[in-house]
Amino acid sequence: MLLALMTAPLVTLSVRSLGSRSTLALGVIIQTSALLGASFRFQIWHLLLTQGVFFGLGVGLSFNSIVSIISQYFDKRRSFANLLSTCGSGFGGLTYSLVTNAAIRSVGLAWTFRILAILTLVVNGLCCILLRNRNKSVGTVLSAFRWELLKRKNYLLFLLWGLFRLIGYTIVIFSLADFGQSVAFITSQASLAAALMNLGQGVGHPIIGLSNDRWGRLDVAGISTLLAGLTTLFIWVFAGKDFAGLLIYALCGALDGCFWPTVAAVGAEVVWLPLLPAAL
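Just so you know, the sequence shown maps onto residues 0 to 279 in numbering that gives the first Met the number 0.
Any given hint might turn out to be false.
[As the list claims (entries may be wrong)] The list that follows gives simulated cross-link-like pairs (lysine to any residue, SDA-like), each with its CA atoms no further than 25 Å apart:
| id | residue 1 | residue 2 |
| --- | --- | --- |
| 1 | LYS150 | TRP271 |
| 2 | LYS75 | LEU129 |
| 3 | LYS75 | PHE62 |
| 4 | LYS135 | VAL66 |
| 5 | LYS152 | ILE222 |
| 6 | LYS135 | PHE62 |
| 7 | LYS152 | VAL269 |
| 8 | LYS152 | ALA7 |
| 9 | LYS75 | ARG213 |
It is worth saying that the hints were derived from the structure and are not from the lab.
Could you put the whole structure together from the sequences, leaning on the hints where they help?
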């Protein structure tokens with residue numbers, strides 16, 4: 000995740016030089032190669048290299064190259080469009096969590112990685128073919144850094160919001176394994192926590208999107224952030240060491256997981272569309 004986020008300035012330069020489609024294609028190739036490489040791993044550092052470094056790089060190239068494109072096509076329903084487009088990450092993650100666990104049991108870990116590599120290449124490759132941006136008509140400024148943005152108070156608040164939102168989201172994601180062990184889950188049951196979180200994202204994203212467009216993107220982003228924090232504080236304290244803790248992952252998927260699809264719409268409100276790639 001760290002590497003995926005750190006590639007954003009380089010991706011902006013790549014989009015300016017190669018275009019959005021070529022940058023996305025490069026990310027798809029790296030992701031596919033990382034999954035295939037992981038299937039032939041022999042030592043732990045092979046897995047760290049393929050799944051940690053190269054897969055993170057591929058995700059960064061793919062995500063950062065297209066994150067601002069949907070906002071270029073919508074105005075009144077911008078948040079809903081962004082969130083609707085990311086429902087696939089929720090329902091897709093739900094399917095991946097359950098199917099991957101079943102595939103590991105039936106064909107083994109190596110072939111599971113290869114199946115995921117084929118899916119990544121086919122689905123993302125199709126998206127690459129269909130991708131169109133409006134950078135020229137919108138007048139998008141494709142620069143790695145715009146230092147003058149740091150002089151804007153509203154942009155600094157936007158950065159702080161993203162920082163604290165990601166801290167909470169990352170803690171939830173990486174505590175899944177520990178939560179499964181604390182309640183004595185077996186492997187198949189542990190995948191249920193991830194599945195419920197992805198289900199929460201798939202259901203919650205369109206609802207948050209409609210709310211953003213109706214009551215204001217900045218207001219709803221702030222309220223959803225507050226609710227995500229309160230959910231963790233109050234529900235986790237009482238249910239975090241029991242099976243009821245699964246409820247937290249579903250709610251965090253619906254609330255805290257909405258950062259990724261809302262960040263482009265909120266950023267467009269703060270800095271406007273032409274500077275959005277540089278701001279992100």
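Verification of the hints:
{"no.": "1", "hint": "LYS150 x TRP271", "verdict": "holds, 15 Å"}
{"no.": "2", "hint": "LYS75 x LEU129", "verdict": "holds, 24 Å"}
{"no.": "3", "hint": "LYS75 x PHE62", "verdict": "holds, 23 Å"}
{"no.": "4", "hint": "LYS135 x VAL66", "verdict": "holds, 16 Å"}
{"no.": "5", "hint": "LYS152 x ILE222", "verdict": "holds, 20 Å"}
{"no.": "6", "hint": "LYS135 x PHE62", "verdict": "holds, 20 Å"}
{"no.": "7", "hint": "LYS152 x VAL269", "verdict": "holds, 10 Å"}
{"no.": "8", "hint": "LYS152 x ALA7", "verdict": "holds, 22 Å"}
{"no.": "9", "hint": "LYS75 x ARG213", "verdict": "holds, 9 Å"}
Hint violations for this structure: none, all hints satisfied.
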